[in-house]
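Order-wise, the sequence lines are chains L and W.
As numbered in my numbering, residues 47 to 331 make up the first sequence, in order.
As numbered in my numbering, residues 47 to 331 make up the second sequence, in order.
Since the hints were made in silico from the structure, they are not lab data.
Derived DSS-like pairs (lysine-lysine); straight-line CA-CA distance at most 27 Å: (1) W:K188 with W:K241; (2) W:K161 with W:K252; (3) L:K161 with W:K288; (4) W:K161 with L:K288; (5) W:K288 with L:K288; (6) W:K116 with W:K86; (7) L:K241 with L:K161; (8) L:K288 with W:K86; (9) L:K188 with L:K241; (10) W:K86 with W:K235; (11) W:K288 with L:K86.
Protein chains: 2
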Amino acid sequence: MERCDVAVIGTGPAGASAAITAKLRGKIVTLFGSASMSEKMTRAHLIQNYPGLPSVSGAELARALAEHLKSMDIPITEKKVNAVYAMDGYFALQCGEEFIEARSVIIAAGVMREKPLPGENELLGSGVSHCATCDASLYRGKNVAVIGYDPGEEAEAAFLSEVCAHVTYIPAYKDDTRLPERVGVVREKPEEIGKDEDGVFVKTDKGTYRASGIFVLRESVAPSQLVPGIETAGNHINVNRKMETNIPGVFACGDVTGTPYQYIKAAGEGNVAALSAVAYLDKNA
Amino acid sequence: MERCDVAVIGTGPAGASAAITAKLRGKIVTLFGSASMSEKMTRAHLIQNYPGLPSVSGAELARALAEHLKSMDIPITEKKVNAVYAMDGYFALQCGEEFIEARSVIIAAGVMREKPLPGENELLGSGVSHCATCDASLYRGKNVAVIGYDPGEEAEAAFLSEVCAHVTYIPAYKDDTRLPERVGVVREKPEEIGKDEDGVFVKTDKGTYRASGIFVLRESVAPSQLVPGIETAGNHINVNRKMETNIPGVFACGDVTGTPYQYIKAAGEGNVAALSAVAYLDKNA
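The task is simple: from the sequences and hints, build the whole structure.
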């Protein structure tokens, strides 16, 4: 795969805005995200303060952004980026088992609003995983539990069910699930992840579920996991007014840079991040 | 006049965005600007990177913002704010001879792109003025020269012609002028303002024009003139990521805070400035 100029991670308003401006400035852009744009956005009932689009639903705004991208021939690469590694003069983006190269990276991946479950971060990498594509092969023929924070994660659970002996899916949302019959759905509230001599388990408000591996899947992950070495304050990436992070060539925009969590703020920051990435590329051409 | 919660100065995308969000948060907003929104914006041919509105003209974006304001019952107060003074717990906005009070202020007045003319700043207040409404009475029955940087200033020149003996109008733009016949239009390039024992004069590329007073009128003025005491870097107001200035209760957004000069960046910053003003008001309620 050709090395792109700008990899944009995230298809909310920040990522869409960044991709639009970077492409307008003549850069080769790879935009990672979902064709449905952003789960959070599409669930917003009414957005009244995106200037120029009075009173739109989240779904309408998502559609407007998708159409804007389409009108500019910016496709969406529907791969989940699990990690961004700084290499010598470029970046390697890990998407499952594949690596994609980029000369600069814009993180517009949104913010993890929920607190991690007790035990989740502590057991990450020793029984707990945030990435189905990356770690499915570790649990081939075994039983796993999946805690999904939005319906978009059901596809991951379905994929795991093709590889693993059995998948228990615990949705942390209220929507009906659409899953293959072989996936067992448990409508309980996950409260804790633990480990003892028999292995890992999920505790819910009603019971305990043991498995060889537990996948906790959210739309957004902690930025420190996504970009090793990035400077953060809690769940937010530290940026200056140019949307530069502490890593030259890596920029961030939108909710991941901090409050207020607002669509128009995110779109504005995406524009600034893109122009800063363009300046970085031109300087390091 | 009732003291408003938030005075927003400027009707470009930054000011419109700030007014929309402040009103949504239940604050009493006074929005100062022009019904035609922003002269600069309406002159933009094609804007391709305002996410959600692919390929709009500046005039179309201006119309979309105006309609958004209208849909939210936010009127535009067509007065020019000449200065903002910090009082004891509130701000006094000077509009010509009138003073309007506000509990907080958002500066979204755009940036002065042209350099001041040689002599302009030096002679400000001693023969040179930036404000027709404020200073017209000083030149009652006398001759004045007006250098206008955009067609919006023609109304000011027409007003001066009602008060002064004669007005010489020097447009620093190419559009046809629409002025009363009694105003003399000089199609020359203003190059310098000077003063000698006979008074002030404008030098153009073709001649010298003497007058009792010279008005230099632009859409945007230097922020240090608009808000005495505000911390600036050149023509830009210094802000942090919350769009706070060095003066508590005064916020800034859009081009006046620095590059990039982009519509969506301005709209995003307007949103942040409004939410910071709301937080300031709630804290100082």
